[in-house]
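*Asks:* Residue numbers (my numbering), protein chains in the order written: chain A, 8 to 246; chain B, -5 to 227; chain C, 107 to 507.
Keep in mind that the hints were calculated from the coordinates and are not lab data. None of these values were measured; they are calculated from a predicted model. A portion of the hints provided could be inaccurate.
To be verified - Here are some chain C residues the structure puts well away from chain A; computed CB gaps all over 10 Å: (1) M124; (2) P130; (3) A163; (4) Q249; (5) T294; (6) D300; (7) V321; (8) I346; (9) F360; (10) S421; (11) D506.
As the list claims (entries may be wrong) - Simulated restraints on C-beta separations: (12) R187/B / M126/A: 20 to 28 Å; (13) R205/A / D148/B: 41 to 49 Å; (14) D74/B / T308/C: 41 to 49 Å; (15) F426/C / K108/B: 43 to 51 Å; (16) D53/B / N417/C: 18 to 26 Å; (17) F52/A / S191/B: 49 to 57 Å; (18) G283/C / R187/B: 40 to 48 Å; (19) K297/C / P75/B: 20 to 28 Å; (20) R88/A / D151/B: 55 to 63 Å; (21) R205/A / G106/B: 53 to 61 Å; (22) P164/A / P296/C: 55 to 63 Å; (23) D349/C / P128/A: 25 to 33 Å.
Said to hold, decoys possible - Derived list of chain A stretches under chain B, where covered just means 3 residues or more per stretch with a C-beta under 8 Å from a C-beta of chain B: (24) 109 to 117; (25) 143 to 156.
The beta-carbon is built from N, C-alpha and C at its ideal position, and this holds for glycine as well.
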Amino acid sequence: MGLRDREGGDPLSLAEVQALGQAEGRQGGLLGFGSPTFLTTKVDFVVNWARRNSLWPMPFGTACCAIEMMASAASNFDLARFGMERMSFSPRQADVLICAGRVPYKLAPVLRRIWDQMMQPKWSISMGACASSGGVFDTYSMVQGIDTIIPVDVYVPGCPPRPEGLIYGLMMIQEKIRHESLSDHYTLRAEDPSLVGRPHADAEEVEALAGPFGNSTQQDHLTSLAQTTRPERSEDLLP
Amino acid sequence: MDENGSAFDAVERGPEGSQRPTGAPRSGNGDPAASHPSVTALRARFGATVLHHEVQAGDQHVVFVDAASNRAVLEWLKDDPEHRYDLLVDVTAVDYGGGSPIQIVYQLWSVGHKRALRVKCELPLDGLSIDSVVPLWKTADWLEREVFDLFGVDFRDHPDLRRILMPQNYAEGHPLRKDFPLRGRFSRAEQTRRALSQDYHDDYTPEALEVGGAPGLEPPEPTGSIDGPEEAP
Amino acid sequence: MTERVVELPEPGLRSEPMLINIGPQHPATHGVLRLLCELDGETVLKVTPDIGFLHTAFEKLGEYRTWNQIVPLTDRMDYLAPLMYNCVYVMAVEKLMGLEVTERCKVVRVLLMEMDRIFSHLLWLGTTAIDVGAFTPFLYAFQERERIYQLHEAYTGARITTSATRIGGMMADFPEGWTDSLRNFVETFPKTLDEIESLLTTNGIHLGRTLDIGVISGEDALNHGFTGPNLRASGVDYDIRKDNPYYDYETYDFDVPIGENGDCYDRYLVRMEEMRQSLRILEQALERLPDGPINVSDPRVSLPSKTDCMNDMESMIHHFKLITEGIRVPAGDCYFAVEGSKGELGMYVVSDGGEKPVRWRIRPPSFVNLSVIAKLAEGHLVSDLIMINASLDIVLGEIDR
Ligand code: SF4
Chain A
8 MGLRDREGGD PLSLAEVQAL GQAEGRQGGL LGFGSPTFLT TKVDFVVNWA RRNSLWPMPF
68 GTACCAIEMM ASAASNFDLA RFGMERMSFS PRQADVLICA GRVPYKLAPV LRRIWDQMMQ
128 PKWSISMGAC ASSGGVFDTY SMVQGIDTII PVDVYVPGCP PRPEGLIYGL MMIQEKIRHE
188 SLSDHYTLRA EDPSLVGRPH ADAEEVEALA GPFGNSTQQD HLTSLAQTTR PERSEDLLP
Chain B
-5 MDENGSAFDA VERGPEGSQR PTGAPRSGNG DPAASHPSVT ALRARFGATV LHHEVQAGDQ
55 HVVFVDAASN RAVLEWLKDD PEHRYDLLVD VTAVDYGGGS PIQIVYQLWS VGHKRALRVK
115 CELPLDGLSI DSVVPLWKTA DWLEREVFDL FGVDFRDHPD LRRILMPQNY AEGHPLRKDF
175 PLRGRFSRAE QTRRALSQDY HDDYTPEALE VGGAPGLEPP EPTGSIDGPE EAP
Chain C
107 MTERVVELPE PGLRSEPMLI NIGPQHPATH GVLRLLCELD GETVLKVTPD IGFLHTAFEK
167 LGEYRTWNQI VPLTDRMDYL APLMYNCVYV MAVEKLMGLE VTERCKVVRV LLMEMDRIFS
227 HLLWLGTTAI DVGAFTPFLY AFQERERIYQ LHEAYTGARI TTSATRIGGM MADFPEGWTD
287 SLRNFVETFP KTLDEIESLL TTNGIHLGRT LDIGVISGED ALNHGFTGPN LRASGVDYDI
347 RKDNPYYDYE TYDFDVPIGE NGDCYDRYLV RMEEMRQSLR ILEQALERLP DGPINVSDPR
407 VSLPSKTDCM NDMESMIHHF KLITEGIRVP AGDCYFAVEG SKGELGMYVV SDGGEKPVRW
467 RIRPPSFVNL SVIAKLAEGH LVSDLIMINA SLDIVLGEID R
């Protein structure tokens, strides 16, 4: 069933969608919620193996970091070793968004739209200090960390990160995929449809993230913040 | 934050702290007696329109002209065979802060004569309007748009005076003015919200939207302003 | 190519222009550039570039930084030739201060700037080749770039964001053996360049995509503010290294390649030849690299030595003041330009005598070069628009600043 096909109604919220999924009897089914079975673990293994070794990156390169991203794709570092030589310039065929470089507010809606256009399952990497936290550019025109705009799976630090750093980040994504399971993917990876075109963070969170030194010193692990009262969101619950 | 404010407040306030009370300096640091053939000729040709001449950084000649006759002066400099400044290198502006006038700076170079000249015009803050030089040099098109975007100077007769670097719906003002805080006027949350609600029709000119027979797609009304209710706390 | 006017195939068959949006996130726009094209079939009627998608507010940020703290901002602006930007910024400030750097420093900066000219042209070469459908030159070019990356890294510790200069000198002298690595590069690079040239210069596809595409006359080019290789491809002989020399460029023996037709192919030829000329300059500069100190010893800008700081209170205070307050630059303004890899690269610095600039302005060569694309692309096909854009050699970091 589609997420938007309720007659004339508003787009469903995530909780409603999950409730609907359960009402349709998905729970505990072959690939349903919860309890992994013998079958699902084997299927998981095969699916994750396939997914992780043919990640197609969508290079969202804007500034200096993009040059390092190109260097990692070129002969010396050779991303093709990891099944990622096919840079997918169309978001619709891409699996992992690599946001490399500075993102000003003027570019923010473009980034958001490209993320919305990518198919599930999708992952994202924030490459470099600017994408992760605004870097040294704490100015009127810069987004202070793209995690206020889209969810981020892996942050690669550096200004710019070396190609080895980016490759390590991509391998962390592979590692993440290894631990995913189809039986909980539906819950974990679904994005609330009402979030499309919206900031990833609400107003309070943006302030917390974008304060002076905010993002970089409060980061706990992956997308969660230490010591803020931010609500837990299902898309951040990835293992 | 305590009463005296933290270091961040100083960052927000801007560099006015280091401001000398004099505002725009009016004396060169080079040899004042040095002469420049074009300046001598300008004085002879335009008389009192040439307000001031100074030498900066050793050998760089700067001439201040009356803002009302900038185009006449520059046209003469461009076309007179003795001078022929055929390359307009740069158009920019300088705001010294503290209410002093904004300087428009034209940097000229003559390829044939291998000579440089800097022409400046001063505009008071309540009369930020000057003739465009796009009819003389096409280079000025984007450079003047940039000055308009970042300083809010109005260029009369400019063919397409729109914002160029900032989004069309940017409502916080003109960023390179000294009274503009480094982080902008709105809160980060408001800036994010506004950024994501940008309308792409803002970037199309009405004529462009007419292409392909799609009339009626009028650019939306601008929402909010600096004085509007959405100002950051 | 304005004669390629749209002709309706049959009377009565109506065609309607349409509006196509390219970018801002498109691999062929070499960054986050947005081109709004009005098309008639495949013919471009009008292009409106939309920029500002990478506006980082360098100039505003510079007003909040001390003079030396601005150096790290400059290399983040043009990440294709970072050392060139490092150098020209401090050269402008030194000119305003009336500071003369040491002989060794001059030659070192010439070495670094010419090296980065090759660095920048190589990226242009690789990406332009991709735009005409050739992937091999990209790999070749990046292999050579990787060697310059390693030179950058050996000297400054960073691959792109070098921040190598300081007002009054460099952050350090060359490490041991660095000049040998550079000499090795200078000796072996022409071979790769020949290989790349044999792939492109007489390649039928490349010729077909570039000959007579995006023509601009010398007079128009000057009026539109073209500088650098783009201007010289149109036949105007203007190179700042020759016409307004700095750092003894007049004593180096090199030629300035001049094109004739001002089309994409000439721009390609000019840049290829420029790389060879840069190699010549590098050779001569390596020959003449004098010994001696690399930093000036001027108490206004140079830090006292570490041993002095440890033993002598005065030096300690001097060091402390220079670091915490920053150097002071006399009031005034100064415009200083060098021949950048993309055109006339100028820095305009305005000081009021304080530790921070009142205004720091970059005269952006690719900003001005890009503004001409609307004129160049008119009447061409969409695929030619991509080629024209590539041949202008733009870098969005510096266009949007
Ligand atoms: S993190 Fe550094 S290298 Fe990367 S885009 Fe930002 S300034 Fe450039």
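*Asks:* If a hint holds in the structure, say so; if it doesn't, say that too.
*Replies:* Verification of the supplied hints:
Residue-level check passed: M124/C sits 21 Å from the nearest beta carbon of chain A, beyond 10 Å. Not every CB of chain A is more than 10 Å from the CB of P130/C (nearest about 6 Å), against its label as outside the interface. Its beta-carbon lying about 4 Å from the closest one in chain A, A163/C breaks the requirement of being farther than 10 Å from that chain. Annotated as non-interface, Q249/C brings its C-beta within 10 Å of a C-beta of chain A; the closest such distance is 6 Å.
Consistency note on T294/C: stated as away from chain A, and its beta-carbon is indeed over 10 Å from all of that chain's, at 16 Å minimum. Consistency note on D300/C: stated as away from chain A, and its beta-carbon is indeed over 10 Å from all of that chain's, at 19 Å minimum. At roughly 30 Å from the closest C-beta of chain A, the C-beta of V321/C stays outside 10 Å, upholding its exclusion from the interface. The beta carbon of I346/C is kept farther than 10 Å from every beta carbon of chain A, the shortest such distance being approximately 25 Å.
Residue placement check: F360/C keeps its beta carbon more than 10 Å from all beta carbons of chain A (closest about 28 Å). Even its closest Cβ contact with chain A, about 30 Å, leaves S421/C beyond 10 Å, as expected for a residue assigned away from the interface. Listed as a non-interface residue, D506/C fails to keep its Cβ farther than 10 Å from every Cβ of chain A; the least gap is roughly 8 Å. Between R187/B and M126/A, the C-beta spacing of about 27 Å keeps the proposed range 20 to 28 Å intact.
At roughly 37 Å, the beta carbons of R205/A and D148/B sit outside the given window of 41 to 49 Å. Evaluation of the 41 to 49 Å hint for D74/B and T308/C yields a pass: the beta carbon distance comes to about 46 Å. Between F426/C and K108/B the Cβ separation comes to about 45 Å, which falls inside the hinted range of 43 to 51 Å. Judged by the Cβ atoms, the range 18 to 26 Å given for D53/B and N417/C is violated: they are separated by roughly 42 Å.
Distance hint for F52/A and S191/B: a CB-CB separation of about 44 Å, inconsistent with the stated range 49 to 57 Å. The hint said 40 to 48 Å for the Cβ distance between G283/C and R187/B, and at roughly 55 Å that hint is violated. For K297/C and P75/B, the Cβ-Cβ distance of about 49 Å falls outside the hinted range of 20 to 28 Å, so the restraint is violated. Checked against the hint of 55 to 63 Å, the C-beta distance between R88/A and D151/B comes to roughly 59 Å, which is consistent with it.
Taking 53 to 61 Å as the suggested C-beta distance range, the pair R205/A and G106/B conforms, at roughly 58 Å. Between P164/A and P296/C the beta carbons are some 38 Å apart, a value that contradicts the proposed interval 55 to 63 Å. For D349/C and P128/A, the Cβ-Cβ distance of about 59 Å falls outside the hinted range of 25 to 33 Å, so the restraint is violated. Counting residues of the segment 109 to 117 of chain A whose CB lies closer than 8 Å to any CB of chain B gives 4, so the stated coverage by that chain holds, three being the minimum.
A stretch counts as covered by a chain when three or more of its residues have a beta carbon under 8 Å from one of that chain; for the segment 143 to 156 of chain A and chain B the count is 8, and the coverage holds.
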